[in-house]
Amino acid sequence: MGERYAAGMPANAWNWVAVWRRNYLGWKKIGLASVLGNLADPMIYLFGLGFGIGTMIGPVEGTSYIAFLAAGMVATSAMASATAETVYGSFGRMGDQRTWEGMLCTQLTLGDILLGELAWAATKALMAGTAITIVATTLGYASWPSILCLLPVIALSGLAFASLAMVVTALAPSYEYFIFYNTLVITPMLFLCGAMFPVNQLPGAFQDVASLLPLAHAIDLIRPAMLGRPAGSMGLHIGALCIYTVLPFFLSVALFRRRLMR
Amino acid sequence: MVAIDLTDVSKTYDKLVVDRLSFRVAAGECFGLLGPNGAGKSTIARMVLGMTSPDAGKITVLGVPVPARARLARMRIGVVPQFDNLDTTFTVRENLLVFGRYFRMSRRQIDAVIPSLLEFARLENKADARVAELSGGMKRRLTLARALINDPHLLVMDEPTTGLDPQARHLIWERLRSLLARGKTILLTTHFMEEAERLCDRLCVMEEGRKIAEGRPSALIDEQIGCDVVEVYGGNPHELGALIRPYAQRIEVSGETLFCYAPDPEQVLAQLRGRAGLRLLQRPPNLEDVFLRLTGREMED
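Listed in order, the protein sequences are those of chains A and B.
Residue -11 is where the first sequence starts when you use this note's numbering, and the numbers rise one by one after that.
Residue 31 is where the second sequence starts when you use this note's numbering, and the numbers rise one by one after that.
Treat the hints with care, since some could be wrong.
What the hints assert, rightly or not - With a cut-off of at most 25 Å between alpha-carbon atoms, the simulated DSS-like pairs for lysine-lysine come out as follows:
hint, chain 1, residue 1, chain 2, residue 2
1, B, K45, B, K169
2, B, K241, B, K45
3, A, K16, B, K169
4, B, K156, A, K16
5, B, K45, B, K88
6, B, K169, A, K17
7, B, K156, B, K169
8, A, K17, B, K156
FYI, nobody ran anything at the bench for these hints, they're computed from the structure.
Model the full structure from these sequences, guided by the hints.
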């Protein structure tokens, strides 16, 4: 059993690139539409809430509300696009499109495929998060040099959210089940993790829950960087996102093995 | 050299699908797994590729233990799956490019083999067509070309011509024979008797996960049947059966058709000629007859 599980692990450190490149080739054909689709939602939130609510309330944590919100929307867009790519894109390539079936006939292992899919979802998160960052920076809500620190953080956040969503993908019998993940996990995180208002507005118990959630760690890294403030406990936040990347990955290899290779 | 070696392999899902099966495929041989749907053929193909593990028994493919080191074996295997899994939004050329990368081939290596693969698949003029625009036969040929991108020693084909029209099927058969002439080894699953008879050097005839016969197609036909067949359509098969029994070696009734195996078919035909409403067909025996003889039923499509 252990030996068979090991055979499903990534064969080496570079096999996944072929899977990533396949997805990139597919994306290139519809790239622009896909980017616009990913951007629309967080952009609407940023301007709608930022200007709408922002004019009614004073500064939040020492900055304008829209500048506070911008970091939340960068993290949220990374979460949303990594999740969508995994639960819809990867699920389709595993199921109806039979793409994984073809890959499994080559020297690629299940782990290689999953790694390539996660890297691809993280890439899409990076594209969406960076686009929002550029818009926010152009409007003066962040400094241009901060983008350089933000890129790896957005990519890591994308990887963590993709990895979590991959577990859901491995368990879901059909597309319909992803609505549960969205309404029970993703949307509550949006409100618990300080994306739209500071976490300290929440009752104590909720704050404790929030401190465990990946979106909170992503925001705690992104917001100080965008506002040009020193970030506290960076090691903790990065470590937490790494754990959210690695553990679900091993779990999803086992789950997909049971699902596809029984 | 042995390309595939299965020893006492069993696999159970909800029920037993492969039952202590053993066979060996020599290098350069076309070996067929012949049987109706549900006989366990696809499961065996998946086990040979290491995509599912046997519950018992031992599998060696191209000298490598499977599933433990299946990835190593798959480097030298080409697969034609039962259902097309091409990237339909990609062009023909892109499909080959992407698949070559799965085998760690460089762009230059892939570009070097694409022209010969397109020629092999008779898709020279379709290189930049999207897969969605191809006919069923073209898609199958592209799948076949794709399976050859890593220059495999062994090809595993699961029902390669199912769902194709006869013309497209014949072209695939012709292409497969040219691969055999080049020394490739083929493991082929099929429920087409004609396909098995035309292509396979040796066959394993399967029913419900068990091997019920193994050998060269001609030898199986000679051993099991060994005489001409008269097929009788129409009339009451049982009544007619009684009439011609004295002249027949054996009689099988399947549905509305009566199969009469007769060393001297003329005598059988003489008994039946002139009877109204009968259609008679005399023909040499084939694998269909072998299957009918061994299982008592026809292999439905």
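* Numbers of the earlier hints that this structure fails to satisfy, in rising order -> The structure conflicts with hint 1 only, although it agrees with all the remaining ones.
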